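Q: Below are the chains, spelled out letter by letter.
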Amino acid sequence: MRITCPHCGQRGLEEFLYHGDATPQRPSDGGATPTVEWTDYVYLRDNKNFAHEELWYHSAGCHAWLRVTRDLSTHEIQDVRQA
Amino acid sequence: MKYSGLAVLREALRGHTGWKPAWRDATPAPEYDVVIIGGGGHGLATAFYLARHHHVGRIAVVEKSWLGSGSIGRNTTIIRSNYLLPGNIPFYELSMKLWEGLEQEVNYNAMVSQRGVYNIFHSDAQRDAYARRGNAMRLHGVDAQLLDRATLRAKIPYLDYENARFPIQGALLQARGGTVRHDAVAWGYARAADRLGVDIIQNCEVTGITRQNGSVTGIETTRGFIGAKKLGLAVAGASSLVASMAGLRLPIESHALQAFVTEALKPLIDNVITFGAGHFYISQSDKGGLVFGGDLDGYNSYAARGNLPTIEDVCEGGMALMPMIGRARLVRHWGGIMDMTMDGSPIIDKTPVENLYLNAGWCYGGFKATPASGFCFAHLIAQNTTHEVAGAYRLDRFAEGRLIDEKGVGAQPNLH
Numbered sequence: 001m002r003i004t005c006p007h008c009g010q011r012g013l014e015e016f017l018y019h020g021d022a023t024p025q026r027p028s029d030g031g032a033t034p035t036v037e038w039t040d041y042v043y044l045r046d047n048k049n050f051a052h053e054e055l056w057y058h059s060a061g062c063h064a065w066l067r068v069t070r071d072l073s074t075h076e077i078q079d080v081r082q083a
Numbered sequence: 001m002k003y004s005g006l007a008v009l010r011e012a013l014r015g016h017t018g019w020k021p022a023w024r025d026a027t028p029a030p031e032y033d034v035v036i037i038g039g040g041g042h043g044l045a046t047a048f049y050l051a052r053h054h055h056v057g058r059i060a061v062v063e064k065s066w067l068g069s070g071s072i073g074r075n076t077t078i079i080r081s082n083y084l085l086p087g088n089i090p091f092y093e094l095s096m097k098l099w100e101g102l103e104q105e106v107n108y109n110a111m112v113s114q115r116g117v118y119n120i121f122h123s124d125a126q127r128d129a130y131a132r133r134g135n136a137m138r139l140h141g142v143d144a145q146l147l148d149r150a151t152l153r154a155k156i157p158y159l160d161y162e163n164a165r166f167p168i169q170g171a172l173l174q175a176r177g178g179t180v181r182h183d184a185v186a187w188g189y190a191r192a193a194d195r196l197g198v199d200i201i202q203n204c205e206v207t208g209i210t211r212q213n214g215s216v217t218g219i220e221t222t223r224g225f226i227g228a229k230k231l232g233l234a235v236a237g238a239s240s241l242v243a244s245m246a247g248l249r250l251p252i253e254s255h256a257l258q259a260f261v262t263e264a265l266k267p268l269i270d271n272v273i274t275f276g277a278g279h280f281y282i283s284q285s286d287k288g289g290l291v292f293g294g295d296l297d298g299y300n301s302y303a304a305r306g307n308l309p310t311i312e313d314v315c316e317g318g319m320a321l322m323p324m325i326g327r328a329r330l331v332r333h334w335g336g337i338m339d340m341t342m343d344g345s346p347i348i349d350k351t352p353v354e355n356l357y358l359n360a361g362w363c364y365g366g367f368k369a370t371p372a373s374g375f376c377f378a379h380l381i382a383q384n385t386t387h388e389v390a391g392a393y394r395l396d397r398f399a400e401g402r403l404i405d406e407k408g409v410g411a412q413p414n415l416h
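Sequence lines, in order, name chains A and B. Quick note: the first sequence uses my numbering, first residue 1, plus one each step. Quick note: the second sequence uses my numbering, first residue 1, plus one each step.
In short, the hints are calculated from the structure, not lab data. The model shown is predicted, which means the values in this text are computed figures rather than measured ones. Accuracy of the hints is not assured; some may be wrong.
[As the list claims (entries may be wrong)] Simulated coverage check for chain A against chain B, where a stretch passes if three residues somewhere in it have a Cβ under 8 Å from a Cβ of chain B:
1. 24-34
2. 38-49
3. 57-67
[What the hints assert, rightly or not] Far from chain A, by Cβ distances over 12 Å, these chain B residues were calculated:
4. Gly15
5. Ile252
6. Ala304
7. Asp396
Note that the Cβ used here is the ideal one computed from N, Cα and C, for glycine as well.
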């Protein structure tokens with residue numbers, strides 16, 4: 001698996017760190033009290049197959065956060081953009 | 001037919017013409033009292049313990065492919081109960097006790113081999129952590145021994161004790177840990193469940209979960225509708241996909257984990273050894289191949305294969321621990337899909353949907369848990385209450401803040 005970084009070009013997987021599903025939205029209430037929204041945000045995932053939007057950090061490259069769309073059934077990378 | 005020495009002798013005398021298939025290839029009935037989705041180790045164990053210990057009526061196991069085609073046949077066959085946290089130790093120890101009696105209970109040779117699991121440590125801090133773990137185990141009545149370097153070296157002489165970066169200081173030994181022939185676990189439970197009247201329905205993929213007034217009524221499958229008064233999910237690797245058919249979102253991500261087998265070698269490693277300074281564990285199968293594995297690949301995946309950086313990382317761990325394996329040739333490697341939960345611990349619980357029960361989130365520790373998982377899930381389905389040793393494995397523990405995080409890394413499934 002290789003990711004084409006918009007800044008550095010195509011690079012091997014070992015240059016990147018994975019940070020999971022890019023779609024959960026952080027609640028805006030500050031989190032002082034536990035809410036259903038916070039539980040959803042921190043713990044629950046759709047975890048569907050096929051196209052998955054996810055965050056990768058180019059730690060051994062330009063240090064950019066990338067929003068990658070990848071097919072989970074084949075690992076094919078369909079889209080990469082700056083997060 | 002009961003398997004025994006006498007049966008082997010009798011069949012030898014009549015040309016082995018009397019052996020019967022180990023289980024019936026059942027066709028689905030219109031309705032069952034309990035349907036278990038997932039014909040792997042956990043699902044088949046659940047069906048067996050339901051039929052053996054509970055009176056719940058007709059039971060079926062539905063499997064989308066052939067029996068045992070999932071993670072039960074794709075793991076590294078290790079059993080152990082060397083956990084740290086109170087929510088885990090009694091559960092895994094029940095599992096170990098069930099392993100110890102498994103072959104007699106199901107009348108099937110599963111090649112249970114208590115050859116000992118050695119967790120190697122490489123620093124003073126790690127010795128303290130392993131001593132703490134060993135003490136926690138002993139407080140729960142589980143066997144654990146802390147071995148110093150000289151004792152370990154006398155038992156396992158071929159490790160790289162002089163490694164400059166990761167010097168070996170000793171090991172935590174669980175002598176009752178070991179390995180079990182993984183496929184035989186599925187076959188043994190399947191045969192024993194079948195003999196108790198359980199219908200095992202293969203090549204039957206679930207496509208929908210039907211509900212009425214918030215309660216499960218059955219499943220839509222590729223072989224038609226099957227009514228179910230109670231429905232249990234034991235489909236680790238695909239739990240989120242199947243649970244979504246009932247409108248549930250789970251605290252789970254699916255990840256790929258790779259494992260490896262070398263060419264067959266003469267008997268060399270007569271126990272299970274884990275490297276403490278990286279993630280690498282190894283044992284030798286009875287066919288002679290060295291079976292080893294390491295970390296997850298680390299990204300969500302439903303493709304049952306991994307990538308090269310992880311293979312390199314695992315093999316580097318192996319070389320740091322036992323350089324003698326460097327010239328062994330790898331003949332096979334494969335990937336399995338793991339239900340990785342947000343705290344690294346499993347879920348055996350009721351769900352918000354009435355009569356729908358969930359057994360999921362086994363991360364990469366599901367094989368060793370097979371008997372206790374089936375035992376406790378059967379208890380839950382039959383009695384509608386949680387078994388005492390699985391009391392911590394609740395679905396609502398994430399919302400409640402009662403996580404069971406053995407590694408203490410938080411809600412990062414790829415790090416557990």
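Q: Confirm or reject each hint.
A: Verification of the supplied hints:
1. 24-34: Contact hint for the region 24-34 of chain A vs chain B: violated, 1 residues under 8 Å.
2. 38-49: holds (count 10)
3. 57-67: Answer violated; 0 residues pass the 8 Å Cβ test.
4. Gly15: Holds, since 47 Å exceeds 12 Å.
5. Ile252: 6 Å, violated
6. Ala304: The claim breaks: alanine 304 (chain B) does not keep its Cβ more than 12 Å from every Cβ of chain A (closest is about 10 Å).
7. Asp396: Non-interface label fails for aspartate 396 (chain B): nearest chain A Cβ at 9 Å, not farther than 12 Å.
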